[in-house]
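A.B. asks: The hints should help you fit chains H and Y onto chain X, whose structure is shown.
Chains as they are written, first to last, in this note's numbering: chain X, 1 to 349; chain H, 1 to 349; chain Y, 1 to 349.
Treat the hints with care, as some may be off.
[Unchecked claim] One-sided excerpt, in silico: chain Y residues whose CB lies under 7 Å from chain X:
#1 71
#2 72
#3 81
#4 136
#5 178
#6 198
#7 217
#8 239
#9 294
#10 305
#11 306
#12 309
#13 338
#14 341
[Unchecked claim] Chain X stretches covered by chain Y per the calculated footprint, using a threshold of three residues with CB under 8 Å from any CB of chain Y:
#15 73-84
#16 132-138
#17 158-172
#18 318-324
Everything labelled a hint here was simulated from the structure, so no lab data went into it. Every value quoted in this text rests on a predicted model; they were computed, and no experiment measured them. C-beta: ideal position from N, C-alpha, C; glycine also.
This is what each chain is made of:
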Amino acid sequence: VSKSYSLAELAGIFGVPLAGDGGTRITGVADLKSAMPGCISFLNNSRYKSLLSATRAGAVILAQQDAAACPVPALISDNPYALYAKVATLLHPDEDLQSPAGIHASAVIAESAHIDATAIIGPLAVIDENVRVGARSYIGPGSVLGKRTVVGEDCKLAANVTVYHDCKIGSRVIVHASAVIGSDGFGFAPEGEAWLKIPQLGAVTIGDDVEIGAGVAIDRGTLNDTIIENGVKLDNQIHVAHNVRIGAHTAMAAQSGVAGSTHIGRHCAIGGAVGIVGHLQIADGTRLHAFATVSQSIMESGEYASGTPLEPAAQWRRNWARFKQLDDMAKRIRQLEAKLENLEDDNNA
Amino acid sequence: VSKSYSLAELAGIFGVPLAGDGGTRITGVADLKSAMPGCISFLNNSRYKSLLSATRAGAVILAQQDAAACPVPALISDNPYALYAKVATLLHPDEDLQSPAGIHASAVIAESAHIDATAIIGPLAVIDENVRVGARSYIGPGSVLGKRTVVGEDCKLAANVTVYHDCKIGSRVIVHASAVIGSDGFGFAPEGEAWLKIPQLGAVTIGDDVEIGAGVAIDRGTLNDTIIENGVKLDNQIHVAHNVRIGAHTAMAAQSGVAGSTHIGRHCAIGGAVGIVGHLQIADGTRLHAFATVSQSIMESGEYASGTPLEPAAQWRRNWARFKQLDDMAKRIRQLEAKLENLEDDNNA
Amino acid sequence: VSKSYSLAELAGIFGVPLAGDGGTRITGVADLKSAMPGCISFLNNSRYKSLLSATRAGAVILAQQDAAACPVPALISDNPYALYAKVATLLHPDEDLQSPAGIHASAVIAESAHIDATAIIGPLAVIDENVRVGARSYIGPGSVLGKRTVVGEDCKLAANVTVYHDCKIGSRVIVHASAVIGSDGFGFAPEGEAWLKIPQLGAVTIGDDVEIGAGVAIDRGTLNDTIIENGVKLDNQIHVAHNVRIGAHTAMAAQSGVAGSTHIGRHCAIGGAVGIVGHLQIADGTRLHAFATVSQSIMESGEYASGTPLEPAAQWRRNWARFKQLDDMAKRIRQLEAKLENLEDDNNA
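Okay, chain X solo, but in the shape it has when bound:
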């Protein structure tokens, strides 16, 4: 499913300079190597400039400095990858968001819900009392919106998404299938040998332009809301515990987890399978490598990592066992240094 534009039209829409034949028709996107005529590609890094000469693309998005090397028409941009994102989005609009407005006959909608007339409610969606769904938002098949939940404009909740009661979702938010927003935080008081449930009375507030991956779970706050700020991008199967705050434009890769009450700053880049324990502060702009485990606050922005290298299992087993002796080894090195110093003193004496 794609639309068709002339290169000149694209240059006009995005306000960028055009090099070459503006009449070139563009109907899709592709990478430089596999692009066919009719496709527009992009070059984001001059290092790969050599790919230009052989490309069969109809046009290329690139920086001014690479334009001379381009054998086909081009759109010029300081940020070719960002312009590519915009062109690709224009050429390949989300098909679900293009569906006719209205509520599918099989959806179950509470009378008190307010669904904008331009919204698209898919088959077998369930929308509970006093929910509000904004203009042009899409609620996919089997998705469930709990009481009083608010969904802004131009959102897309895919299939089988669950949003618990009283959650607030901004505009232009994408939520993928099986994601859960507003489940109870994990809070219990010990009494004797049992655990008593602490009611989780906050909700979840999600800003604008957030994307939430498949199978993500974001727990509601204990007393106040768990907060996901504007522009946050969460990959699949991330866990966000109660009372967490994730700062604007932070991106987290899949399977990461954030324990309760931790506040992550803005513009952080967090790799896959990262774990962050509870009640921490993570500074704005922090970068965490995949698999990092964070057990103390990070007060200074920077790039952090933890973990050990992959090794052939036989070799790993030996080093693995030695880890238990690490403190002992350090002490023995200190002793050796002291003894050696004494010996040297003796020899020099």
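C.D. replies: Relative to the frame of chain X, chains H and Y by itself:
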């Protein structure tokens, strides 16, 4: 959504001493710092006693030893946090469990299913043949109960929960959205280059007072049942493999995983993202730090951990590479010690 | 739910030799210890031969070399575990796949969808435009198939599965509940402080005989498809990012994750909670221990691992802190060696 009680009523309901004006009206809960009149708060730790003087709470739940320092009416308890849990639950009952009893017209219920007249079956729930749902239990929108599954009394299965056939769920069990109970265990026999599926013929048995987080997956047993004992609390996105047993009142934080046939004891506290391999025994009362990886049985209760510290990436990279030399380093320390001993002997000779 | 066969019938069906009374009736399977008459069990490893003498099983599947030690009738096989898998599957066929063919009245099926007359479409399933579902395939309650998706023959999609548009699923594929196939890959272009979404225009192609666990998420490719080859087995809660390829007959245990564009070879065995970063190659036949973290390509097949041992927390804390000194320790050992050599030279001089 909350109810209103006088402080004297609360003291009566929970059988605890009251200090101050029993007529104080309580309609909600809050922490000491943000509580407004009408809210009850709690002080669980004398260390934070200084917060009492400035609180605007209508009343506070606290220990006898802290009562003198409390400027507002109070409920006295040996375990203020547990009493808080009970009061908060009374003031803020689960709204879903308060819904009118009955089966939503859009739910699909097999004729042979037995649904208690006081149960609440949400829209678009699917209840298969010979299922039993007990008194006052709530089955949320889009949830699916497979053939012959039994759900006890006062349970809450949130939206889009899947329970496969023949599983048994006790009473007062909470299951959050997108959780899966009774999926096939991961069992295959190699034949040539292919894997043959081993039918998973057991089911899952879940005790009373269990809570299961969003996106949790609990596999059915191979021949017998996977077992979750009474009072177990599982946070979001936990994986429980086939034939596992989790002992009573054990709590596991999010994203932990337990491989096949491992038996976890009672009263264990397992941090987030912990991994436990298969066929192990974990002693009662074991505590595992977040991110611990367990590859051998734990026969003695205690506190265990594994892993390496977070470091600035440049520093981490050097230490990471050295890990591969750890066994070599240990041997060289041993050699240095031997040589040094020889030298000292020579010098003393 | 099980069928009944005589041992002679089973020998005939699977073409294997029979020892003892072929009239023995078999109605189920069990392990050697708990088997009752009427059950068939198996012995896959001569090491456990001693269990044979006490078994009450009606019959046992075993290797020729163990037949003499078996007090009950037997089926003889070079690969007893594989034969057990086949016999168990015959005796306990999947009940869902035995359901009467047809489309449940509550399912929502697009007019343009093509559902084979022998397929089984469960209650409240949603099947979008131009979807194709092959012969005898089962689509469970609440499952959603996006536009133009193709499902082959003899598949089973359990409840609440989501397949996005344009995905291709082979034959004899099993997908467990809450799994998501075809969600958007995690691709964004930075522009100023924001992230721009890169449309994910590929889909997911899944081969034959694949099994996909509960809560698994497989993202669609950016321009081409994410590919899961024939015979791959994915346990619960695995994440497969965009543009990944997983080679035939590779098995991955629960909670593992594969980042974008990584290609995993054929016949790999990947433990639980393994993480693999993006843009890597993993050689055919690679074995990765549970919890391994892979940040470089593996060009040579073999067994690999990473990580540190579990320790009592107090001991761990000391070794954990020393890890930060590892590079320093290595340098000091080198210095000690050099100094000691000098001293020895001096002494020998």
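A.B. asks: Evaluate each hint against the coordinates.
C.D. replies: Now for the hints, and whether the structure bears them out:
no.: 1; hint: 71; result: violated, 40 Å
no.: 2; hint: 72; result: violated, 40 Å
no.: 3; hint: 81; result: violated, 24 Å
no.: 4; hint: 136; result: violated, 24 Å
no.: 5; hint: 178; result: holds, 5 Å
no.: 6; hint: 198; result: holds, 5 Å
no.: 7; hint: 217; result: holds, 4 Å
no.: 8; hint: 239; result: holds, 4 Å
no.: 9; hint: 294; result: holds, 5 Å
no.: 10; hint: 305; result: holds, 4 Å
no.: 11; hint: 306; result: holds, 5 Å
no.: 12; hint: 309; result: holds, 6 Å
no.: 13; hint: 338; result: violated, 11 Å
no.: 14; hint: 341; result: violated, 11 Å
no.: 15; hint: 73-84; result: holds (count 4)
no.: 16; hint: 132-138; result: violated (count 0)
no.: 17; hint: 158-172; result: holds (count 3)
no.: 18; hint: 318-324; result: holds (count 4)
In this structure, the hints that do not hold are numbers 1, 2, 3, 4, 13, 14, 16, in rising order.
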